[in-house]
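Engineer: According to the numbering used here, the sequence shown is numbered sequentially starting from 4.
All the pointers check out, no bait thrown in.
Heads up, simulated DSSO-like pairs for lysine-lysine below, C-alpha to C-alpha not over 27 Å straight-line:
| no. | residue 1 | residue 2 |
| --- | --- | --- |
| 1 | 35 | 54 |
| 2 | 114 | 33 |
| 3 | 125 | 98 |
| 4 | 98 | 114 |
| 5 | 54 | 114 |
By construction, these hints were calculated from the structure, which means they are not laboratory data.
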Amino acid sequence: MKLWIAWLILVLAAPGLAQGPPAAQKPLDKDKIMSLVRAGMESDELVQRIKDRGLDFDLTNDYLEALRKAGAQDAVIQALRAARPAPLTQDQILKLVVSGVASQRVVVLIKQRGIDFVPDEKYLETLRVAGGDEALISA
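Please model the complete structure; the sequences and the hints are all you need to start from.
Structural biologist: This is the structure we're talking about:
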């Protein structure tokens with residue numbers, strides 16, 4: 004009897020085990036967010052999706068204005084702004100260069116995220132010594 008119950012549990016549980024954990028969802032793109040706003044998705048639900056999935060695009064004022072015109076509530080706009088990565092700090096840039104990240108990649112990150120400081124000549128020289136090339140220095 005115990006063997007039969009164990010077999011029954013195994014048979015019933017096997018399909019769930021085979022599925023594994025749910026796959027991570029990709030970040031939201033501009034078109035998806037716009038379509039959800041136009042479709043009338045509740046702001047709370049859209050805010051949660053933005054928090055859960057993040058964004059895969061650079062947020063612009065023109066895009067935010069277009070969302071507002073399409074009916075996006077302030078909570079959605081605030082969630083989009085909060086989902087943007089913070090600007091890079093001096094230490095973050097230096098750590099990227101020292102750890103061997105290609106200067107081209109660091110330049111891309113700077114263009115995407117911006118920086119939260121004004122680089123002085125001493126800092127630029129530190130980047131050069133750490134391995135930063137002129138493309139990075141001029142970024």
